[in-house]
Amino acid sequence: MLLLKLFFAFIQVGLFSVGGGYAAIPLIQEQIVNIYGLMTMEEFSDLITVAEMTPGPISINSATFVGMRLAGIPGVLICSIGCIIPSFCICLTLAHFYYKYRTVSGVQVVLGSLRPAVVALIGSAGASILMLGLFQSDIFSATLSNLRIVELVIFLAALFILRKYKASAISIILGSGVVGTLIYVILGAAA
Amino acid sequence: MKKDYSKLWTLFKSMFMLSACTFGGGFVIVSLMKKKFVEELQWLEEDEMLDVTAITQSSPGPLPVNASVIIGYRMAGVVGSLTAILGTILPPMIIISIISLFYEQFRTNTYIAIALQVMRAGVAAVIFDVVINLASNVLKTKRVLYIVMMIVAFIATYLLGVSAMIIIFVCLGIGLLDLFITMQKKRKAV
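In the order they appear, the protein sequences are chains A and B.
With the working numbering, the residue at position 7 of the first sequence is 7, and numbering never jumps.
With the working numbering, the residue at position 61 of the second sequence is 252, and numbering never jumps.
If you are wondering where the hints come from, they were derived from the structure by calculation, not from laboratory data.
Hints may contain errors.
Counterexamples of contact, computed for chain A against chain B with all Cβ distances above 10 Å [claimed, not checked]:
{"id": "1", "residue": "L2"}
{"id": "2", "residue": "V33"}
{"id": "3", "residue": "M39"}
{"id": "4", "residue": "L94"}
{"id": "5", "residue": "S137"}
{"id": "6", "residue": "A142"}
{"id": "7", "residue": "R163"}
Per the computed footprint, the stretches of chain B lying under chain A, defined by three or more beta-carbons under 8 Å from a beta-carbon of chain A, are [what the hints assert, rightly or not]:
{"id": "8", "stretch": "297–306"}
{"id": "9", "stretch": "314–324"}
Quantities reported herein were computed from a predicted structural model and do not represent experimental measurements.
The beta carbon of each residue, even a glycine, is placed where N, CA and C say it ideally should be.
Sequences and hints are given; from them, build the entire structure.
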């Protein structure tokens, strides 16, 4: 029963991957490569490449890739549903209690101290992506010589447009993709 | 909490578009959601969005799915949750299903590699825009505790690589302590 195996494997991935997408990768490896032997390590590294290059949550991406490779469209559905069932049950319960008690003053005090932390976490994610975009490395190995000028210009222009004209996030991301690729193609043709 | 089913389509459409355009980890989509649902649609308050982020971070499972469950529930109950989840997972499911069939061509295509690289600059700009707004609101509270917590948490995650889970739980502890002290003060005042 391949589908049943996949379903239970991904329920465990969904349940135990606490703390964001990258936490899910070793779990998927454990389930799919080590325990069930459904994929080789080489196929698995392909999976990570695709999951990182494409939009969407990494665990859903992996679930879809594994499902498609091993069992076609039914596999995609089974793996993805398995992956989100734990999230759905747990977050629905938490959401219920949050909206029931969030106006209680004690709860407000506790939540108040979580907010600066969340701002810092989002800021940290932003800084990592910026480093990756501008230097293709993290802050520890970034040097001025591998600063990518085109990306820097796009970043500054995008930030300016966002601050000044309140442009939507999606138009900025797609816009920078199109403009940036065009610049590289033109520079490539000129060289 | 009032349920408003008329918003289901906008909810689905927004989640679908955000998910289709989000490269990178969970906090990327959280900043996009903040921009969309707090600033553009004005469905949620800013504090609420930060609370939702803290909850999603401390529950298991993919962060964008967790956030969709809670935001969906807020807008239209369980039906809203299911609608939001569907919007979030459909784009990756469709894109990956297609790519897994043409994997070799996809991986070796230069234009795709360039586009993905330059899009990161755009994504970073969006996150910075959101963070500037959020951080200035933390500064506006004028509470030294919050400002110090924000700076320390940033250094701990970004430079020291402390996991987000640990940051959230430590701050939860500080929050409980803060609550305890406030209550003691109130008792003394009475």
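Quick rundown of the hints versus the structure:
1. L2: Holds, because the least Cβ-Cβ distance between A/L2 and chain B comes to about 16 Å, which exceeds 10 Å.
2. V33: holds (17 Å)
3. M39: Correct as stated: the minimum Cβ-Cβ distance to chain B is 12 Å, above 10 Å.
4. L94: violated (5 Å)
5. S137: Consistent with the label, A/S137 stays out of reach of chain B, its closest Cβ about 12 Å off (over 10 Å).
6. A142: holds (13 Å)
7. R163: violated (6 Å)
8. 297–306: Contact hint for the stretch 297–306 of chain B vs chain A: holds, 6 residues under 8 Å.
9. 314–324: It holds, with 10 qualifying residues against the three required.
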